[in-house]
Structure formats: C-alpha cells, structure tokens
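Listed below, chain by chain, are the residues.
Protein chains: 2
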Amino acid sequence: MPDALLDMIDRFAGIGGSPGGGVRRLTGSAEDGAARRLFAQEAEQRGAVVHVDPVGNMFATFATAPAADTTVLVGSHLDSQPTGGRFDGAYGVLAGLDAAAALAAEGGLRHNLTVVNWTNEEGACFQPSLTGSSVYTGKYTPDFALGLADRMGRSLGACLEDIGFRGAEPFPLRPLRYLELHVEQGAELEDKGLRIGAVTTSWAARKITLCFTGVPAHTGPTPMGRRRDALRAAAWAITEFHRLLEAEAAEVLLHWSAAKIVAEPDSPNVVASRVTVWFEIRNPDLAVADAVGARFLAAIGPGVAALGIGQEVLGDEARAGTALDPEGVAVTLEVAQALGLPATAMRTITGHDALALQALVPSTLIFVPSVDGLSHNEAELTLPEDLLNGAAVLRGVLRRFAMEAA
Amino acid sequence: MPDALLDMIDRFAGIGGSPGGGVRRLTGSAEDGAARRLFAQEAEQRGAVVHVDPVGNMFATFATAPAADTTVLVGSHLDSQPTGGRFDGAYGVLAGLDAAAALAAEGGLRHNLTVVNWTNEEGACFQPSLTGSSVYTGKYTPDFALGLADRMGRSLGACLEDIGFRGAEPFPLRPLRYLELHVEQGAELEDKGLRIGAVTTSWAARKITLCFTGVPAHTGPTPMGRRRDALRAAAWAITEFHRLLEAEAAEVLLHWSAAKIVAEPDSPNVVASRVTVWFEIRNPDLAVADAVGARFLAAIGPGVAALGIGQEVLGDEARAGTALDPEGVAVTLEVAQALGLPATAMRTITGHDALALQALVPSTLIFVPSVDGLSHNEAELTLPEDLLNGAAVLRGVLRRFAMEAA
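Quick note, the sequences are listed as chains V and S, same order.
No gaps in the numbering here: position 262 of the first sequence is 262 in our numbering, and each next residue is one more.
No gaps in the numbering here: position 215 of the second sequence is 215 in our numbering, and each next residue is one more.
I should point out that these hints are in silico values taken from the structure, not numbers from a laboratory.
Being a predicted model, the structure only gives us computed values, none of them experimental.
One thing to keep in mind: the hints can contain errors.
What the hints assert, rightly or not - Heads up, incomplete: computed chain S residues facing chain V, CB under 10 Å, no partners named:
id, residue
1, 50
2, 152
3, 188
4, 215
5, 262
6, 271
Said to hold, decoys possible - Sample of chain V residues lacking proximity to chain S, with all beta carbon distances greater than 12 Å (derived):
id, residue
7, 3
8, 104
9, 149
10, 171
11, 302
12, 400
13, 405
As the list claims (entries may be wrong) - Covered by chain V, according to a simulated footprint, are these stretches of chain S (three or more residues, beta-carbon under 8 Å):
id, segment
14, 51-61
15, 73-84
16, 251-261
17, 342-352
18, 368-382
Don't be surprised by glycine CBs; every beta carbon is placed ideally from N, CA and C.
Sequences and hints are given; from them, build the entire structure.
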C-alpha cells in the first residue's frame with residue numbers, strides 16, 4: 001500500500017517535527033522514545049513481534065518461516081541530527097516495515113523477516129556514530145556503547161533507560177543478510193537523472209578530535225604576552241585546516257570538515273583553557289585520508305606550540321572504505337530494471353548502518369535521489385514518486401533474498 | 001580580628017572549592033546558594049539584618065545609626081568564574097563584613113553600614129556581567145536581569161528562585177557611598193613593590209558578540225563548493241582579530257580577547273550553521289577601543305561574505321572608562337600612609353561593581369597585590385599579609401566615611 005507508507009512517513013515526521021519541516025529526534029530524547037513506541041505499535045499491528053536488545057536496537061520480526069532460526073534484516077534508524085530531515089533514516093525503517101509486512105502477507109518465504117531500528121546512527125550527541133549497528137556486529141561492546149557520554153555528561157545507557165528502551169537480551173535469530181534503503185544525501189542521482197542507486201563501496205574517513213590546552217586567565221588585565229589562549233590556537237588550526245585541505249583538494253578528491261567545537265571554561269571573561277575540535281577528512285581511499293591527516297597534524301604542530309598551547313589527540317578514528325556485497329548490487333540493479341527504473345552502481349560518501357553490518361553479513365544499501373543533494377538540513381527532500389520507487393525496489397530485493405537458500 | 005577574617009575566607013573557599021585550590025561558584029548554582037546562606041548566617045551572627053532584593057543582591061545592614069535613613073555600602077560579590085580564584089569577590093564581601101562588624105562594635109557613627117553581595121558580577125553564565133549592581137543603579141531593569149538566559153536556556157530569575165534568593169522588595173535605605181576591596185588581578189602593585197592601590201579610573205571596553213550564520217549540511221557528501229560553513233568563517237575571523245589587534249597594539253596600549261564560542265547545531269556531522277563569538281577590546285580610552293572595533297568589523301566583512309556567511313551583531317556594548325570618586329582615592333592613600341603601607345593611585349583594566357555603583361553614589365575601589373597577576377584561575381593568590389593590610393585600609397576608609405556629614 002504505497003499511500004500507507006507515505007502517510008506513515010508523515011506521521012513519524014510529526015514526532016520531533018521542527019518548524020522548517022525537518023525533525024529533531026536526538027538519540028535517547030523524549031522524541032526518540034515516542035518514535036520508538038510508534039514504530040513498535042505499527043510493527044505489532046502488522047503482526048510482528050518486537051525485541052529490544054541491550055543497546056536499544058529494535059528488531060520487529062515477522063515469523064514468515066517459523067521453523068527456521070534464520071532471518072533477513074531490513075531497516076535503518078529513527079534518530080536524527082539536531083537539524084535533521086524527515087527522510088534520513090526513518091524512510092528506510094518504515095519502507096522496510098511496509099515491505100516486510102507485504103511479503104509476510106504474500107507468504108512462501110524460506111526465512112523470517114526482521115525490521116530493525118538501529119540506535120544512534122547519527123552520533124549527534126554520542127560519538128562514535130553507528131553505535132547500535134556496531135555493537136550488533138561485535139565491533140563495540142554493549143558496555144562501551146552504554147557508557148558513551150553526551151556533553152552534559154549523561155550516558156547513552158541512562159538515556160535509553162529513561163525512555164524505556166534499554167533491553168536485556170541480544171536478538172536471538174541468525175541474520176543472513178541486511179538491506180537498507182536510504183535517501184542519497186548527495187546530488188549524483190539527481191544530476192544524472194537516475195532513480196535508484198545500488199551502493200558498491202563507501203569513502204574512507206579519518207576523524208581526528210583534537211584538544212588545544214592553554215591556561216585560564218582574566219581576559220582583562222592579564223598581560224597579552226602571558227596569555228596561553230587555546231581558542232586562538234584552535235581558530236588558527238581550523239583556518240589552516242581549510243587552507244591546507246583546499247590546496248590538497250586541487251590534486252585529489254577530498255571532503256573535509258571541522259563542524260563541532262567546545263571551548264572551556266566557556267566564559268567571555270576567561271581566556272579559554274581547553275578547546276576541543278572535531279576534524280574529518282574523507283576520500284575514497286583510507287591511505288589518502290590518513291596521509292592528508294598526518295600532513296595536517298604536522299603542519300599545525302609548530303604554530304600551535306608557538307602560541308604556547310598544548311595539543312592532545314582525544315580521538316583518531318580511521319574508517320576504511322567498505323565494499324558492500326556485490327550480489328546485493330546486482331540484484332538491486334536487476335529489480336530496478338524490471339520495474340523500469342533507471343539505476344546505477346555508485347559510491348557513498350556518508351556512513352550508514354549497512355556499512356557496519358557488512359562486517360557480519362552480506363549487506364545491501366539502496367539510494368533514492370535527494371533534491372539538491374541537501375542533507376542534515378530541515379529542507380532535505382525526496383519526492384513522493386522517488387520514495388515509492390525506492391520502496392518497490394526494496395520489496396523486490398527483500399523478496400528475492402527471503403526466498404534464497406541459506 | 002584579622003585571624004577570624006582569614007579563617008572566614010577559608011571557609012567560603014570550601015564552598016564550590018575546586019581541586020586546584022580555586023572555586024567554581026557560578027551565579028545561581030547550588031554552590032552560590034550555599035555561599036549566600038553562609039554569608040547571611042555570618043552577618044546575622046555579628047548583628048546585621050539581611051535584606052534580599054528582587055535580583056538577589058544581598059544587603060546585610062548594621063544599624064549603626066538607627067535614626068538615620070542613610071547607609072554606607074561596602075562589599076563585592078560571592079559568585080566566581082568556572083575556574084575562579086578564592087579571593088576574587090569573596091575577599092571584598094568578607095573583609096567588608098569584618099570591617100562593618102568591627103565599626104558597629106566601636107559605635108559613634110553617623111550612618112548605618114551595609115555589606116553587599118552583588119548578584120552575577122562575573123557574567124560567566126549570564127551576560128552582561130555586573131548584573132546586580134547595574135540593576136541597583138537603575139541601568140538595567142529587574143525584569144531585564146531576571147530574564148537573562150544561560151546557554152541551557154535557564155533564566156537568572158529561575159536560578160535565583162531555585163536557590164531561594166529572589167527577593168521581593170528593593171533595598172530601602174539611602175546609600176551615600178560604596179566601598180569595595182578587591183585583589184588586583186594584574187601585576188602592577190607586585191611589580192612596583194606596593195601594597196595598596198587606590199583606583200582612579202577604569203579602562204574602557206568594547207564588547208562585540210558576533211553570530212556567523214551559514215547553512216546546516218551533511219559534512220560527508222555535501223559538495224565542498226556548496227557548503228556555507230559558519231565555523232570556518234568564525235575561526236578565520238578570530239584569527240584575523242588577533243592578527244589585526246596585535247598590529248594595532250604596536251601603536252597603542254590594547255588588551256583583547258575572543259574567549260567564548262558556541263557552535264550550532266553542535267554535531268560533528270553537520271556543517272555548523274550558527275557560530276557565536278564573544279570579542280572584547282580594552283583600552284583606557286573608549287574612543288580608541290571603539291575605533292579598533294570598527295576597523296576589526298570592517299576588516300573581516302569581505303572575508304566572511306566571501307565564504308558565503310552572514311553576520312549578525314548580537315551585542316555591541318561600549319563600556320566607557322569610569323572615573324571613581326577622587327575623595328575616595330585621597331582618603332585611601334591617606335589611610336594607607338597612616339598605616340605605613342606603600343600605596344599608589346592606579347587604573348583598573350577589569351570591570352568591578354564599584355565602577356557600576358559610581359553612576360549612583362561616590363564609589364571607591366581598593367586593590368591589594370595578586371601574585372604573578374594571575375586571575376580567573378584556580379591558582380590566583382594574594383598573600384595573608386596583603387589580605388590583612390587591605391582589610392585594615394578598608395576599615396579605616398569605611399570609618400572615615402561613616403562619620404562624615406551626609
């Protein structure tokens with residue numbers, strides 16, 4: 001029922017809906033709790049049984065093969081960025097639910113079907129991102145994830161507890177595959193006039209969190225020569241970062257950002273003594289992102305030291321490019337072709353739960369166009385026709401995998 | 001009783017005491033509440049009656065002239081910066097209490113004596129600073145002050161309510177003068193081997209709060225050319241600020257800072273769309289600080305615009321240099337001389353409640369040395385001998401003014 005899907009997406013967009021038409025549904029917030037409860041309700045109404053694991057991942061299972069212990073996972077995430085769009089994540093969960101319910105009604109499957117809502121894909125308040133899916137694959141322990149703290153010092157575990165979504169047991173069924181439908185968050189499909197993207201690989205990323213350390217002092221009387229101003233150093237380092245990366249980008253394909261900064265003690269009258277900045281460098285190849293990061297760190301070292309400022313690396317995460325299951329790409333392109341939808345194999349620059357899941361099971365990531373490539377913005381938009389096309393492809397791919405031999 | 005004063009300072013330093021020997025006693029916090037309750041108790045034990053006004057200013061009055069409606073105010077503030085020292089503010093309140101109690105015991109005064117603890121001198125969480133004293137002089141309305149919000153959106157009024165220090169009525173007595181004893185927070189007395197400073201005037205300051213406005217977008221896929229990165233612009237502007245002011249400082253005496261920055265939406269994966277920076281420029285002459293500020297704004301305009309970033313002036317406060325009461329300076333120097341303490345008339349670079357009070361009544365500000373000029377730092381230090389010298393001078397000046405004709 002295509003109209004039912006669009007209607008369901010609209011209803012979820014009302015939870016944490018922001019004035020500009022987007023959503024603010026931060027992991028562990030009251031809005032996250034409300035969206036989770038609605039998801040459980042919608043899944044149960046369609047005949048699924050909902051399981052919540054220790055880090056809050058939600059698994060809504062249709063017992064389409066009650067005798068089997070195997071399941072095909074399909075889903076995405078219901079959390080958002082502070083200025084998130086209404087389709088980022090929610091679309092994949094709800095189209096997954098729509099497809100699984102339809103296939104359960106059709107019957108004749110070899111495996112069960114499980115629709116998943118992964119905890120904290122976005123990593124807006126709790127870093128690292130892809131938290132729930134990375135615990136599921138065994139990359140992180142549940143304790144590590146539950147202990148992550150936001151800037152107010154609240155733990156992810158306490159937030160999940162508060163909203164009633166900290167479960168006790170891991171999900172018991174044996175996963176065979178993972179499928180995820182998502183909006184592109186870029187403009188490649190739109191620019192090429194295509195409707196469907198089958199993701200082959202992801203870009204790599206190096207994410208460096210640097211803390212610049214100085215000495216607190218009164219901003220008035222402290223003689224200028226005696227100041228050890230961590231914000232001055234951090235601002236200079238950010239400026240250098242953009243200058244250097246822009247120069248590097250003349251030679252090689254790069255995306256980069258310094259998007260988050262926290263200064264302490266956070267008073268206009270005290271010279272900042274600790275300033276933390278989150279830097280990201282992305283390239284298809286991790287070796288390139290790594291080398292650029294190393295050159296950046298080497299380049300700023302002397303300038304920061306000359307300001308009398310120390311430097312601590314609080315985090316340095318190398319995220320390799322991931323190759324997704326080639327069969328999933330082939331099947332996606334076949335299904336799209338059968339539906340008459342122009343499609344392409346493509347890379348993704350963004351992180352997605354499917355990239356985490358590939359470490360555990362063959363995983364497939366399907367994109368639909370984003371108008372203007374706009375993302376993590378309230379005005380993020382995918383047109384209804386594209387939403388329905390993507391849902392149809394997802395259903396076709398899910399049907400194929402739910403019928404294959406284990 | 002000098003030892004009683006040092007002991008009292010120690011006990012107050014235990015409220016919000018920080019590991020490094022300083023204090024963290026933010027306006028409206030539980031620690032502020034505890035320090036206020038202890039102050040009321042100490043004042044009442046010495047025979048004062050405590051009044052709390054609508055913005056939380058505390059007035060502890062010794063009825064040394066019960067028939068008169070006049071009083072001499074003496075005090076400072078009990079709030080601190082997040083990384084505050086133990087003497088900044090608390091010293092002036094407690095030495096004031098010590099002096100007023102001693103004079104009340106001596107008797108023979110023409111006026112009452114009132115020890116004041118002004119609300120939110122520091123302005124660490126609620127800007128502007130000097131809040132309570134500026135309401136008292138009529139510069140700000142109580143509603144304006146009570147409505148000030150911290151970065152979590154909590155109002156000063158609600159915080160005062162929570163700690164039980166939001167009073168109902170203005171302080172009824174007629175103030176004749178205001179006296180304040182404070183640690184220097186600079187190194188001039190120390191460098192010159194002097195014990196007492198009588199402040200004549202303050203430096204002027206221009207305080208500009210700028211918000212850089214961009215567009216939220218995903219830090220991964222968003223094409224670099226389409227990004228409107230407010231943090232990139234802010235970092236560049238801070239770097240330019242220091243470069244320009246350093247050049248200006250070759251010609252003219254200047255202190256400057258950019259100490260506080262807040263970036264939104266505060267996620268490592270969303271290009272920052274609103275970044276607010278607090279800039280300060282200080283010079284003895286407001287015309288100079290003003291002109292430097294204007295040149296700074298003109299200089300960064302094109303560079304910020306070239307990055308596609310908007311700029312909003314959220315605050316632009318000109319704080320003129322204030323000339324304090326010359327008689328107070330003369331009396332302070334006389335009293336110091338009589339006590340055999342080498343003293344000087346001097347300027348202050350920092351803001352103080354006495355500078356606000358001068359708009360209402362003749363005000364006097366007395367400094368004692370700060371070791372190394374260190375301030376707004378846990379390691380801020382004034383030696384016991386200097387603390388006692390300052391207290392003796394304060395008592396002498398207070399006695400003189402409490403005996404003069406109204």
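Each hint tested on the structure:
no.: 1; hint: 50; in the structure: violated, 28 Å
no.: 2; hint: 152; in the structure: holds, 9 Å
no.: 3; hint: 188; in the structure: holds, 9 Å
no.: 4; hint: 215; in the structure: holds, 7 Å
no.: 5; hint: 262; in the structure: holds, 8 Å
no.: 6; hint: 271; in the structure: holds, 6 Å
no.: 7; hint: 3; in the structure: holds, 29 Å
no.: 8; hint: 104; in the structure: holds, 34 Å
no.: 9; hint: 149; in the structure: holds, 15 Å
no.: 10; hint: 171; in the structure: holds, 27 Å
no.: 11; hint: 302; in the structure: holds, 16 Å
no.: 12; hint: 400; in the structure: holds, 28 Å
no.: 13; hint: 405; in the structure: holds, 36 Å
no.: 14; hint: 51-61; in the structure: violated (count 0)
no.: 15; hint: 73-84; in the structure: holds (count 3)
no.: 16; hint: 251-261; in the structure: holds (count 8)
no.: 17; hint: 342-352; in the structure: holds (count 4)
no.: 18; hint: 368-382; in the structure: holds (count 6)
In this structure, the earlier hints numbered 1 and 14 are contradicted, and the remaining ones agree with it.
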